[in-house]
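Model the full assembly from the supplied sequences, consistent with the hints where possible.
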Amino acid sequence: MSNSNLRPPVINLTPEEYKTMVQRISPKPKAIKNAVLAFMVGGLICSIGQILINIYINYFGLSKVSAQTAGTATLILIGALLTGLGVYDNIVRFGGAGGIVPVTGFANSMVSPALEYKREGYVFGVGGKLFTVAGPILVYGIATSILVGIIYVLLRL
Amino acid sequence: MFANIIPAFIVGGLICVVGQLFMDLTKANIQPAHVLVSFVTAGVVLGGLGLYEPLVRIGGAGATIPLSGFGYTLAKGAMEGAQSSGLLGAFSGGVEAAAVGIAAAVIFGYLTALVFNPKG
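Residue numbers (the working numbering), protein chains in the order written: chain A, 1 to 157; chain B, 1 to 120.
Hints may contain errors.
To be verified - Below are the DMTMM-like pairs computed for lysine to aspartate or glutamate, each with C-alpha atoms no more than 25 Å apart in a straight line:
hint	chain 1	residue 1	chain 2	residue 2
1	A	19	B	24
2	A	30	A	89
3	A	64	B	24
4	A	33	B	24
5	B	27	A	16
6	A	19	A	120
7	B	119	A	120
8	B	27	A	120
Honestly, the hints are just simulated from the structure, not real lab data. Every value quoted in this text rests on a predicted model; they were computed, and no experiment measured them.
Dropping the structure here:
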């Protein structure tokens with residue numbers, strides 16, 4: 001068919017250049033559209049989390065705190081699996097921060113580099129790259145929480 | 001059983017919008033890692049100041065599922081630890097409270113990376 005002769009148009013720009021170009025030309029509508037998509041996708045993922053928590057409370061008899069923890073763990077599992085299946089990257093492409101900010105995005109940030117560098121072996125590849133993004137998250141999260149705890153101790157003296 | 005799903009959608013959606021605006025409206029090249037680190041740190045600080053608790057009360061999973069909720073859990077644990085066992089608790093409390101999340105991420109992440117292969 002004639003369609004097979006058509007090639008997609010070639011743009012001689014690096015992705016960064018293209019991004020800044022697009023931002024210069026249409027900054028506001030893009031930001032609004034992205035925000036709406038982030039709201040929908042992020043809201044949907046959190047709703048699924050809430051449904052899981054409700055199920056854990058009502059059918060498994062877990063306490064509220066335990067159910068929240070179990071719900072978070074379940075979403076981490078779902079996020080990891082969807083990343084392995086290659087689906088989660090599409091969710092991030094569609095929903096932006098709506099896919100990045102929930103814990104499913106955290107799971108994605110661990111599995112994605114670990115898969116990509118699997119060739120480098122099971123220690124530096126899988127084991128190391130799992131923490132490319134999770135490492136900084138744990139460093140800043142845990143360090144700040146210890147600071148909060150110490151301030152709390154000092155204020156109570 | 002379903003009444004808390006809509007607040008979860010709205011609060012969770014709005015928290016994600018904050019992340020999206022953070023990426024779109026700042027000039028710097030902000031990657032997902034920066035967003036996640038900022039959210040966890042912001043969650044710890046807001047949790048420490050007692051400002052995240054109301055969000056959790058209103059939004060439920062909408063506030064705990066975003067990574068700022070992970071920060072809130074860390075801060076809450078550190079403060080509870082500090083209260084029950086002082087300085088030592090300030091060190092252990094956060095990680096203890098977040099232990100299931102961290103462990104789940106490690107084991108599920110590792111197993112997934114083991115089972116699946118990169119595409120392309």
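Violated constraints from the hint list, given by number and in increasing order: 3, 6 and 8
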